[in-house]
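J.: Let's have the full structure, built from the sequences with the hints guiding it.
Protein chains: 2
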Amino acid sequence: MATTTAIDFRTLVLDQPLPLDSGRELAGVEVAYETFGELAADKSNAVLVFHALTGDQFVAGTNPVTGKPGWWERMVGPGKPIDTNRFHVICANVIGSCLGSTGPASMGPGGKPYAMDFPVITIRDMVRAQMAMLDALGIERLHAVVGGSMGGMQALSCAANFPERTDRVLAIATTARHSAQNIAFHEMGRQAIMADPNWQGGDYYDGEAPTKGLAVARMAAHITYLSEEGLTAKFGRRLQDREAKSFGFDADFQVESYLRYQGISFTDRFDANSYLYITRAMDYFDLAEEHGGLLADAFRGAKDTRFCLVSFDTDWLYTTADMREVVHALNAVAAPVSFVELSAPYGHDSFLLDVPALDRVVEGFLG
Amino acid sequence: MATTTAIDFRTLVLDQPLPLDSGRELAGVEVAYETFGELAADKSNAVLVFHALTGDQFVAGTNPVTGKPGWWERMVGPGKPIDTNRFHVICANVIGSCLGSTGPASMGPGGKPYAMDFPVITIRDMVRAQMAMLDALGIERLHAVVGGSMGGMQALSCAANFPERTDRVLAIATTARHSAQNIAFHEMGRQAIMADPNWQGGDYYDGEAPTKGLAVARMAAHITYLSEEGLTAKFGRRLQDREAKSFGFDADFQVESYLRYQGISFTDRFDANSYLYITRAMDYFDLAEEHGGLLADAFRGAKDTRFCLVSFDTDWLYTTADMREVVHALNAVAAPVSFVELSAPYGHDSFLLDVPALDRVVEGFLG
Chain P
121 MATTTAIDFR
131 TLVLDQPLPL
141 DSGRELAGVE
151 VAYETFGELA
161 ADKSNAVLVF
171 HALTGDQFVA
181 GTNPVTGKPG
191 WWERMVGPGK
201 PIDTNRFHVI
211 CANVIGSCLG
221 STGPASMGPG
231 GKPYAMDFPV
241 ITIRDMVRAQ
251 MAMLDALGIE
261 RLHAVVGGSM
271 GGMQALSCAA
281 NFPERTDRVL
291 AIATTARHSA
301 QNIAFHEMGR
311 QAIMADPNWQ
321 GGDYYDGEAP
331 TKGLAVARMA
341 AHITYLSEEG
351 LTAKFGRRLQ
361 DREAKSFGFD
371 ADFQVESYLR
381 YQGISFTDRF
391 DANSYLYITR
401 AMDYFDLAEE
411 HGGLLADAFR
421 GAKDTRFCLV
431 SFDTDWLYTT
441 ADMREVVHAL
451 NAVAAPVSFV
461 ELSAPYGHDS
471 FLLDVPALDR
481 VVEGFLG
Chain H
121 MATTTAIDFR
131 TLVLDQPLPL
141 DSGRELAGVE
151 VAYETFGELA
161 ADKSNAVLVF
171 HALTGDQFVA
181 GTNPVTGKPG
191 WWERMVGPGK
201 PIDTNRFHVI
211 CANVIGSCLG
221 STGPASMGPG
231 GKPYAMDFPV
241 ITIRDMVRAQ
251 MAMLDALGIE
261 RLHAVVGGSM
271 GGMQALSCAA
281 NFPERTDRVL
291 AIATTARHSA
301 QNIAFHEMGR
311 QAIMADPNWQ
321 GGDYYDGEAP
331 TKGLAVARMA
341 AHITYLSEEG
351 LTAKFGRRLQ
361 DREAKSFGFD
371 ADFQVESYLR
381 YQGISFTDRF
391 DANSYLYITR
401 AMDYFDLAEE
411 HGGLLADAFR
421 GAKDTRFCLV
431 SFDTDWLYTT
441 ADMREVVHAL
451 NAVAAPVSFV
461 ELSAPYGHDS
471 FLLDVPALDR
481 VVEGFLG
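Heads up: the sequence lines are chains P and H, in that order. For the first sequence, my numbering assigns the number 121 to the initial residue and increments by one for each residue that follows. For the second sequence, my numbering assigns the number 121 to the initial residue and increments by one for each residue that follows.
Derived from the structure by calculation, the hints contain no laboratory data. Note that the structure is predicted; figures quoted are calculated from it, not measured. Where a beta carbon is used, it is the ideal one built from N, C-alpha and C, also for glycine. A hint or two may mislead.
Stretch by stretch, here's where chain H covers chain P in the computed footprint (C-beta under 8 Å, at least three residues) [as the list claims (entries may be wrong)]:
#, stretch
1, 293-305
2, 338-352
3, 372-384
4, 401-409
Simulated DEER-style distance windows between Cβ atoms [claimed, not checked]:
#, chain 1, residue 1, chain 2, residue 2, range
5, P, E284, H, D479, 53 to 61 Å
6, P, E284, H, L359, 30 to 38 Å
7, H, I384, P, D237, 20 to 28 Å
8, P, Q382, H, R480, 41 to 49 Å
9, H, G228, P, P317, 51 to 59 Å
10, P, T352, H, N318, 30 to 38 Å
T.: Structure (structure tokens):
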């Protein structure tokens, strides 16, 4: 996390305490955000993009933390599907994260980091914070909300809980409910973090971070983001910088080397406690349960919202079957919804990668 | 591991050093094994059952380590599909494991446990040790070899490398080659073990074992043994002993509680270094590569062997597509092969569970 401490994030502070689903409230919430493109005089062209689990507000341009392009640079920018020549794109770091918005690494009331005293938050709490951000920015109604993966959960939550705030909802590679398998993978990752003796019950900010545990959690999650076909095409059983197997425990296979790198490099840019809190929020996500048990009831207020839902055929984390449940619920309330399953080889990560058909869907839906 | 040290395993010591695929050899190899049912006077009724990654020789009866029934009690016994009234069933602990056969926890030449000085072994090495065991037992030819998962790999390896030793090969829920995704999950588990400071480069036998890392590895592996449908049916999003979510990090969901239990209880019966070595052997497994690159060539010597291959429709670890590759290779050498994909909801673990159709296939094939 050393690399992020020197960054001067663009933030605003919410002037009211944020009520949370847990019953607690969070005072002095900071929301870090970025904008791209000009806001029209009538404020009619704002598009809010929600990021995924380990994402951030740097949806386009250059990410000052990593020095790399924004995570959706291929989708957001001048002349791109979410065209910043036409739209005022806003993207905020979710609360609970560690890229400038209030999270477990932030200073708590006691003058030390919250750590595990940070309240457990939900997807709806993340959206609530961003709606308060829009209030602070003077934007009442959005042209659209857009998100993939956990970003898609926020988009659906926004439609369910704040339908008056947006004309359009575009949710990609997501689900209305975390499944037992989804929860299982996250729980395994949390246990990996908590098993790291450096975790220290979350109070590690003065010492060594639990980087080994966090790297293991990331490795497991990363496997779920890729398809079996994609992994086979990218790596197969090819060896890494060697002619023959070593008969040892080095990273003989390219896929091992790749995973180790993914795990270790992640710990440079992400806080382990944030990983615990955000995965917990995702596991708690169940839009139907939140609205009395019937998913259609979640969308009763959104029947005039236009929806576009996209799944990928090789995504085994949030499947087409998961998305169809959302489609059926929206059909039940007669909301205008278009749904497409796109074919792409990359598994869940397809929403971030080069899938021209997705570009056309996004561009077309934003109108 | 404390629970296993008091067990007096039934073992034999190989009188010749065992040559290994790595080029090394292993002297004084102990093979722990159990038998069930009488050997016929003409020795024609022996069936060798190979166990899976964390399995053992206690295929039936009572496992003295756990006090529970053997791992395939429902399949092996008097009047059962592998009928011990008719067959002499032999099951040996694989080398590299920790239930009585020589492995990394065994005493090495230096008077201390091998730990990471144990040679990296392969599936073929495991089979080679068991063929030497059969020599010691005076059994030249088997009626059948049978195995599921890693046991199926051994069955296929036996057919490829020792075709003269068996009339029949029954391989269930297995593959001829570990895929990139298979390797990725194993590598993540190995990294979890190695990240545990108690691992100490493998030299932990005098101190605390890396149980937390091993538990995390087991949790991840366990998810891959179950289907998404099975997890949903068994747990869904049901809460564990509570009416509402805790907004904390306890095991709120039943699936979390179950996984934690699976992880922790595993560490009572298994050695972390054995887990490293056996997963490595599985990742190295590629029958085609071992025989010049063409899978059919692996089976050229086995064209008079009768094969039966079984996959399960919900097994996403070793899929029906993986099994079809074996079928095609056997067809290419005109080996007699029957293949069936069975429908069962339990994912990869179906081969261990109550699937009556599997019973009928096994019973019928053994004749």
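J.: At a Cβ distance under 8 Å, does chain H reach at least three residues of the stretch 401-409 of chain P?
T.: n = 4 at 8 Å, threshold three: holds.
J.: Would you say the stretch 293-305 of chain P counts as covered by chain H, given the rule of at least 3 residues with C-beta under 8 Å?
T.: Held - the stretch 293-305 of chain P has 8 residues with a Cβ nearer than 8 Å to chain H, which meets the minimum of three.
J.: Between the beta carbons of Q382 (chain P) and R480 (chain H), is the distance compatible with 41 to 49 Å?
T.: 45 Å, holds
J.: Between the stretch 338-352 of chain P and chain H, are there enough contacts, at least three residues with CB-CB distance under 8 Å, for the coverage claim to hold?
T.: holds (count 7)
J.: Holds or violated: the 20 to 28 Å window for the beta-carbon distance between I384 (chain H) and D237 (chain P)?
T.: 27 Å, holds
J.: Range first: 51 to 59 Å. Now tell me if the beta carbons of G228 (chain H) and P317 (chain P) are that far apart.
T.: The hinted range 51 to 59 Å is violated for G228 (chain H) and P317 (chain P), with Cβ atoms some 29 Å apart.
J.: Would you say the stretch 372-384 of chain P counts as covered by chain H, given the rule of at least 3 residues with C-beta under 8 Å?
T.: It holds: at least three residues are needed, and the stretch 372-384 of chain P offers 6 whose Cβ sits within less than 8 Å of chain H.
J.: Against the range 30 to 38 Å, how does the distance between the Cβ atoms of T352 (chain P) and N318 (chain H) compare: consistent or not?
T.: Holds, at about 35 Å.
J.: Range first: 53 to 61 Å. Now tell me if the beta carbons of E284 (chain P) and D479 (chain H) are that far apart.
T.: Given range 53 to 61 Å: holds, Cβ gap about 59 Å.
J.: Holds or violated: the 30 to 38 Å window for the beta-carbon distance between E284 (chain P) and L359 (chain H)?
T.: Holds, at about 32 Å.
Checked against the numbered hints given earlier, the structure breaks only hint 9 and satisfies all the rest.
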